[in-house]
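Using the UniProt record's numbering, the letters of the sequence shown correspond one by one to residues 1 to 469.
Possibly wrong hints are sitting among the right ones.
[As the list claims (entries may be wrong)] Pairs of lysine-lysine residues, derived as DSS-like cross-links and limited to a Cα-Cα distance of at most 25 Å, are as follows:
id, residue 1, residue 2
1, LYS28, LYS198
2, LYS88, LYS26
3, LYS116, LYS45
4, LYS3, LYS116
5, LYS128, LYS45
6, LYS159, LYS189
7, LYS210, LYS198
8, LYS163, LYS128
9, LYS114, LYS17
10, LYS128, LYS22
11, LYS26, LYS182
12, LYS3, LYS26
13, LYS56, LYS39
14, LYS39, LYS218
15, LYS163, LYS189
16, LYS3, LYS128
17, LYS338, LYS249
18, LYS50, LYS3
19, LYS229, LYS28
20, LYS39, LYS88
21, LYS255, LYS270
22, LYS159, LYS50
23, LYS50, LYS116
24, LYS56, LYS121
25, LYS218, LYS28
26, LYS88, LYS30
27, LYS210, LYS26
28, LYS159, LYS182
[What the hints assert, rightly or not] Across the chosen pairs, the derived CB separations fall in these ranges:
id, residue 1, residue 2, range
29, TYR273, LYS28, 21 to 31 Å
30, ALA411, VAL172, 33 to 43 Å
31, TYR47, ALA240, 14 to 24 Å
Derived by calculation from the structure, the hints in this document are not laboratory data. Quick caveat, the model's predicted, so the values are computed rather than measured. Beta carbons are placed, not taken as given, at the ideal position from N, Cα and C, and that holds for glycine.
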Amino acid sequence: MAKNNVWELVDLPTGRKTIGNKWVLKVKRKADGSIDKFKARLVAKGYNQKEGIDYKETFSPVVRFASVRLILAIVAHLDLELFQMDVKTAFLNGELDEEIYMDQPEGFQEMGLKHKVCRLKRSIYGLKQSSRQWYYRFHRAITSIGFTMIEEDHCVYVKRSVKNFLILSLYVDILLAGNNMKMIVATQKWLSSTFEMKDMGEAEYILGVKVHRDRSKKLLSLSQETYIKRIIERFRMHNANPVDTPMDKSCVLSKELCPKTEEEKKRMTKIPYASAVGSLMYAMMCTRPDLCVAVGMVSSLRLVGYSDADGSADRDELKSTLGYAFLLGGAAITWCSKKQPCISLSTMEAEYVASTIAYAKDPKYHGRTKHIDTRYHFIRDSITQGEVVLRHIPTNDMITDPFTKLLRRDAFHRHLDDATLACYPMTMSDAVCRNMFRKAVKAKLIDVRGRGRTELVKHLCSIVHSPGD
Numbered sequence: 001m002a003k004n005n006v007w008e009l010v011d012l013p014t015g016r017k018t019i020g021n022k023w024v025l026k027v028k029r030k031a032d033g034s035i036d037k038f039k040a041r042l043v044a045k046g047y048n049q050k051e052g053i054d055y056k057e058t059f060s061p062v063v064r065f066a067s068v069r070l071i072l073a074i075v076a077h078l079d080l081e082l083f084q085m086d087v088k089t090a091f092l093n094g095e096l097d098e099e100i101y102m103d104q105p106e107g108f109q110e111m112g113l114k115h116k117v118c119r120l121k122r123s124i125y126g127l128k129q130s131s132r133q134w135y136y137r138f139h140r141a142i143t144s145i146g147f148t149m150i151e152e153d154h155c156v157y158v159k160r161s162v163k164n165f166l167i168l169s170l171y172v173d174i175l176l177a178g179n180n181m182k183m184i185v186a187t188q189k190w191l192s193s194t195f196e197m198k199d200m201g202e203a204e205y206i207l208g209v210k211v212h213r214d215r216s217k218k219l220l221s222l223s224q225e226t227y228i229k230r231i232i233e234r235f236r237m238h239n240a241n242p243v244d245t246p247m248d249k250s251c252v253l254s255k256e257l258c259p260k261t262e263e264e265k266k267r268m269t270k271i272p273y274a275s276a277v278g279s280l281m282y283a284m285m286c287t288r289p290d291l292c293v294a295v296g297m298v299s300s301l302r303l304v305g306y307s308d309a310d311g312s313a314d315r316d317e318l319k320s321t322l323g324y325a326f327l328l329g330g331a332a333i334t335w336c337s338k339k340q341p342c343i344s345l346s347t348m349e350a351e352y353v354a355s356t357i358a359y360a361k362d363p364k365y366h367g368r369t370k371h372i373d374t375r376y377h378f379i380r381d382s383i384t385q386g387e388v389v390l391r392h393i394p395t396n397d398m399i400t401d402p403f404t405k406l407l408r409r410d411a412f413h414r415h416l417d418d419a420t421l422a423c424y425p426m427t428m429s430d431a432v433c434r435n436m437f438r439k440a441v442k443a444k445l446i447d448v449r450g451r452g453r454t455e456l457v458k459h460l461c462s463i464v465h466s467p468g469d
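Throw the hints in and build the complete structure from the sequences for me.
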């Protein structure tokens, strides 16, 4: 705090109140789950702040994980360099516009000055405006050296020269991806001279997600194995038998299954239902789109792009479930599965809201469809202007089918393989080979008679990985 000149000791002005503070203790872990270090951080009790006096604006952009996946897909596709830097005490770089007074931290009062209070000069952790002040401090700094902010995600910046480029992503840490090491090193040196930074080398662990990379094959995959194992142990599922799909196709959930009597409700309070669903949601949002439908179903009871919709399959609200996925270089970078905001009166309307083709290409105005919200017509306008090209994908090839409904095991895994998403122990190269294998069999390029599926996959892998092939 003293090093960053976070506060100065003053007498509390008449009519002003101080906000408290506390120490937050945390165990920081490595990618494999082992302990890295123990941290103690002084944070302000921001919930005591008064709007209009202690703060005005609080909004701060946060990088979308879809943007991180997009950057990583580009890194894999173009075989870019990928490095990571840690901003030490990032929020302390933000400068405050308001006058905020805080009690001296317990155990660290200045001798002979215990009656004085801290007038904050920097945005200490815990203040409502801290993340905003840090973001704008970083934004002003990084744009001053030639980086341009991406309008679609205000935490992603790009710097270009004639032949080279560098992508920077700001989240808890800083991610640098580029095709020129000199440009990367120069940026790292500038960042270290402007902020207190720690060079973490090549990126291996991003937002709790492990990055696996094989540059010889231009492959990059993401895994939350450690996180998932931890939540399995937390909810005592480590002895459960493995299953082939997240939820059985015959499973039907509705509000009728919710506890009704006081005794049932009391029993449910002892079950960490919300915590379990929340834990699954983070895995779903980061690396496990195969959980979308199952998590969506259980959470609703808690009081190249593909798109699909299932019609009004929800028995309680009669709303359709839409799903989409966008791929770059054959890998899924963003996905979604959610109920549509309106009740679709027809299958065509459900598909249209999910951005499918038939009505989007035809601007006719039918009485059955005139109530569809105008925002969905943006799709049709984009097609007319040539910004978007839509084409029909048969159901058997629609990789977003698992995002709209429960499927049988074979269909479920086939669609995930097509999206290059492995939901069981499996390398990215094997996933690609499985996809190639099915297409080769369909085109009658491989004779499958007398061979088991595993044997054929291994055979195909050996062919694909052979030098010169």
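Within a Cα-Cα threshold of 25 Å, do LYS159 and LYS189 meet the stated pairing?
16 Å, holds
When you check the alpha-carbon spacing of LYS128 and LYS45, does it fall within 25 Å?
9 Å, holds
Measure nothing beyond the straight line between the CA atoms of LYS210 and LYS26; if it is 25 Å or shorter, mark the hint as holding.
Distance ~20 Å between LYS210 and LYS26 Cα, so the pair holds.
Has the given pair, LYS50 with LYS116, been kept, meaning a C-alpha gap of at most 25 Å?
21 Å, holds
Please work out if LYS159 and LYS50 have their alpha carbons no farther apart than 25 Å.
Given pair LYS159, LYS50 is violated - Cα atoms ~40 Å apart, limit 25 Å.
Holds or violated: LYS39 and LYS88, Cα atoms, limit 25 Å.
12 Å, holds
That 21 to 31 Å hint for TYR273 and LYS28 (C-beta), does it hold up?
29 Å, holds
For the pair supplied as a hint, LYS159 and LYS182, confirm whether the alpha-carbon distance does not exceed 25 Å.
Holds, at about 13 Å.
Hint check: LYS163 vs LYS189, CA-CA at most 25 Å. Holds or violated?
Since the Cα atoms of LYS163 and LYS189 sit roughly 21 Å apart, the hinted pair holds (cutoff 25 Å).
Measuring from beta carbon to beta carbon, are ALA411 and VAL172 in 33 to 43 Å?
38 Å, holds
Hinted pair LYS50 and LYS3, Cα distance within 25 Å:
28 Å, violated
Below or equal to 25 Å on CA atoms is what counts here, so check LYS128 against LYS22.
Status holds; Cα separation ~15 Å.
In the structure shown, a violation is registered for the earlier hints numbered 8, 11, 13, 14, 18, 22, 25, 31, in ascending order.
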